[in-house]
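Number of protein chains: 2
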Amino acid sequence: MLDDAPFNHTAHATLLDLFSEFGKIGAVQSGGISRLAASPEDGLARDSLCDWFRHHDFEILVDEIGNIFGVLDLALGDPTQHFFCGSHLDSQPDGGKFDGALGVVCACVCGLVIKDAVAKGEIDPFYRYYVVACWTGEEGARFQPSLIGSSVFVGLMPLEIALARQDHEGVSLRHALSQIDYLGTAQVPAPGHYLEVHIEQGAKLETANIPIGIVSSCWGAKKILMEVSGRPDHTGPTPMEDRQDALLAASHLVVQANEISHHSTSTLYSSVGRIDVSPNSPNTIADKVQLWIEFRSNDGEALLEAEHQFRHSFDGIAKSTGCELRVASSEDRAVVEFDKHGIANVEDVLSKSNIPYLHMTTIAGHDAIRLQSVCPSTLLFVPSRNGISHSPDEFTSDDDITAGFDAMLHAVSRLISAVACDDLQPSSCETKN
Amino acid sequence: MLDDAPFNHTAHATLLDLFSEFGKIGAVQSGGISRLAASPEDGLARDSLCDWFRHHDFEILVDEIGNIFGVLDLALGDPTQHFFCGSHLDSQPDGGKFDGALGVVCACVCGLVIKDAVAKGEIDPFYRYYVVACWTGEEGARFQPSLIGSSVFVGLMPLEIALARQDHEGVSLRHALSQIDYLGTAQVPAPGHYLEVHIEQGAKLETANIPIGIVSSCWGAKKILMEVSGRPDHTGPTPMEDRQDALLAASHLVVQANEISHHSTSTLYSSVGRIDVSPNSPNTIADKVQLWIEFRSNDGEALLEAEHQFRHSFDGIAKSTGCELRVASSEDRAVVEFDKHGIANVEDVLSKSNIPYLHMTTIAGHDAIRLQSVCPSTLLFVPSRNGISHSPDEFTSDDDITAGFDAMLHAVSRLISAVACDDLQPSSCETKN
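Taken in order, these protein sequences are the chains called A and B. The first sequence: position 256 = 255 (numbering that gives the first Met the number 0), numbered continuously. The second sequence: position 33 = 32 (numbering that gives the first Met the number 0), numbered continuously.
Wrong hints could be hidden among the right ones.
The list treats identical chains as interchangeable, and a pair is accepted whether it falls inside one copy or across any two copies.
In silico SDA-like pairs for lysine to any residue, Cα to Cα no more than 25 Å straight-line [stated by the list, open to error]:
| hint | residue 1 | residue 2 |
| --- | --- | --- |
| 1 | Lys287 | Glu226 |
| 2 | Lys287 | Gln255 |
| 3 | Lys318 | Pro238 |
| 4 | Lys287 | Gly30 |
| 5 | Lys287 | Ile223 |
| 6 | Lys318 | Ser329 |
| 7 | Lys114 | His8 |
| 8 | Lys287 | Ser277 |
| 9 | Lys203 | Asp392 |
| 10 | Lys23 | Thr264 |
| 11 | Lys23 | Asp50 |
| 12 | Lys287 | Pro238 |
| 13 | Lys318 | Gln255 |
| 14 | Lys114 | Asn279 |
| 15 | Lys287 | Ser33 |
| 16 | Lys23 | Trp51 |
Because the hints were derived from the structure by calculation, they are not lab data.
Using the sequences provided together with the hints, build the complete structure.
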């Protein structure tokens, strides 16, 4: 079935058309999109997804954190079993069109092909239901932390805490979801397997000229929200020695986090992407600063050491600036290994179909990482041009999209069917072609 | 006349009551006020001022940059001559009640006392008109630069450029003024002398236990708006060496500006009060940062050297971060000396009334500095508790307010009258009492 070129041609056109539609929702002048979680733009994208579900006989469920599920009855297989595919529709501010939306669209169109193949007797499904999941607030741009919808779904974050999270304006996620009418009540069946297609957000696939990455693990991360307290005062007459300049202290922290990553003996990334300053007026010394700092590594020890060094710097910065430095919250994300059985099956089916692939790790967080805590999960990457993401310049070519979709179809056909190779073991992390 | 205790008692009560009314407009929970230039709160304060003018027979003029003038006809003196007193009603975000508003209120009530004294024949005015000036956008918090209204008034800033200035949301000053109905058309007579009472915003008067400061000069300043350009990218997968992190580069600049002030051989202050970061999302590397940097000194050479050192740091920061650093605008404020004849007259009249005073310099900018470029200007300071300003903790006691007001009355009585001591010269900068 999956080598049926005319059929795939139709599916490819459907896929690219549908993806193009989502790229228009929340489009901004830069060429990117701004579709922040639970914003009006996110609401429009969700409405389009639900319309599509209705047109293609998916049952729609919306849960209490606003995750949307489109449930497709394959009419065969175990009625207690659900195979999930999905990703997210929210974006960074002025972000790219591909991050998240591509995975949702692939999941949608994949469902149509799978249902058709089941009807034709080309797949004998173990799972009776194919479920497209669209997770709330993956990006963590408007509401922190990231992966908020999938974290609540798998029970790693309490619902009430998640709904109470506030954006920069003090709007709660609960209120924002209710404003766009996506605060649901549905009880959602447990996933038996989860598969997600996502852009790589790195340049390894492009450099190797390989269309698909099978992700075996995710780096760990340490995310720290710092609060720096100084004293508001006039930037003019206040003697330098009397100042408690919270922006100066925060700047030292930004530099410090960067230096720690450069001096680590392991590969360790660090960044500060967001800073909120009060009162943020040119003539007033800042008295309050919040900083969102993160360290990432595939070496858990290196993360611990980075945090230790970072905290060790506080006293000196506090002393030299007269400010108070406080860790307001801190989140540990452990290194996660994806389901080995799923990896082995995908390796096997891609090899048999002569689709080249690369084994990869992911540094960015994805909903699939959260799902791995409750069911076997599989994450597939497609190339990102120049590795750029969270930017209007984010780009994946149509050819790479359709090649990724074809690999996904092979993977889902295998994993959803009753003939999955239970005895397969993942290979070493090498390119196969 | 001015030793008439019952009269002053009435004036003091009027003064404190009126000041208290302005302290309620734009009051915020912290105990401070947020009355940003041309905001609805500023509009309410302006309306209250105009109501007060109407109740006390001041003619109201609003010019093209929204400066408000209340013109009081003293019925005697040269009808071509105008004596101006004033300050501003806009505040910093979550700023203090005293900064600006105190000077406007003192100017208002002083006018009533002066008019009464002229009517009684106690003052023989050279100036027929007493004008209370309320300057637009002194603070530079919402619209930069600071001193915008007085700068346009004296011809140091073109009207069209000032009106086109935009706030953080992209709202122009023109639009904001028209929204609160203070975009006027009045042609305003030229001031013959300007006098302003302001809080010190430093602790010298409090420490010396002296109620009044006569300001002889203002420090120079160098104000630099920097733009840092990096590249938006995912904070996770982007390799450290490929990042162009504009917030990291900006943090180096903040630290650098501070170090320059500490290493200067002259007294040199520096600060960065405001930073705007885009997209300011925890998971995206910042691609655009704007920084408002200032250096202040009473040594013009030290300012030049500071700027030189600051610019010298750009190459290294650009190289280490991959970012582009650009000076978007740069403003030089020269050291300004206030009118010596006015200072000598105020010294003389305060000495004769046994009011102790201190000679001072101001580091903060004030509208009086702008006015000095078109007419003799006099700036008087009253104490600030602990020297704190631009903060809800800003405070001047009622006793200090009324003592400052009495000193102002003496000064204005002398300067407005036909008997000003033309041959007086300012003394050396010492306390007299």
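query = Between copies, within a copy, both or neither: which fits Lys287 and Gly30 at Cα up to 25 Å?
reply = between (34 Å within a copy, 17 Å between copies)
query = Quick one: Lys287 to Ser277, C-alpha cut-off 25 Å, is that within a copy, between copies, both, or neither?
reply = The answer is both: 5 Å in one copy and 19 Å across copies each meet 25 Å.
key: Lys318 and Pro238: within-copy, between-copy, both or neither at 25 Å Cα   = within (17 Å within a copy, 33 Å between copies)
key: Copy assignment of Lys23 with Asp50, given that the CA separation must stay at most 25 Å   = within (16 Å within a copy, 52 Å between copies)
key: Identical-chain pair category, Lys287 with Ser33, by Cα at 25 Å   = between (28 Å within a copy, 16 Å between copies)
task = Since the copies are identical, ignore which copy is meant and state whether Lys287 and Pro238 lie within 25 Å (CA to CA) inside a copy, between copies, both or neither.
result = Classified as within; 19 Å inside a copy, 31 Å across copies.
Homo-oligomer pair classification [His8, Lys114; C-alpha up to 25 Å] = So Lys114 and His8 pass the 25 Å test inside one copy only (17 Å; across, 91 Å).
query = Quick one: Lys287 to Ile223, C-alpha cut-off 25 Å, is that within a copy, between copies, both, or neither?
reply = Answer is both: 16 Å inside a copy and 23 Å across each meet the 25 Å cutoff.
key: Intra/inter-copy verdict for Lys287 and Gln255 if alpha-carbon distance must be at most 25 Å   = both (19 Å within a copy, 20 Å between copies)
query = Using 25 Å as the alpha-carbon threshold, which applies to Lys318 and Ser329: within, between, both, or neither?
reply = within (23 Å within a copy, 32 Å between copies)
inquiry  = Treating 25 Å as the Cα threshold, decide for Lys23 and Thr264: within, between, both or neither.
reply    = Close neither inside one copy (44 Å) nor across copies (58 Å); limit 25 Å.
task = Indicate which option fits the pair Lys23, Trp51 if close means a Cα-Cα distance not exceeding 25 Å: within, between, both or neither.
result = Answer is within: at 15 Å inside a copy they meet the 25 Å cutoff, but 55 Å across does not.
Checked against the numbered hints above, the structure violates hints 10, 14; every other hint is satisfied.
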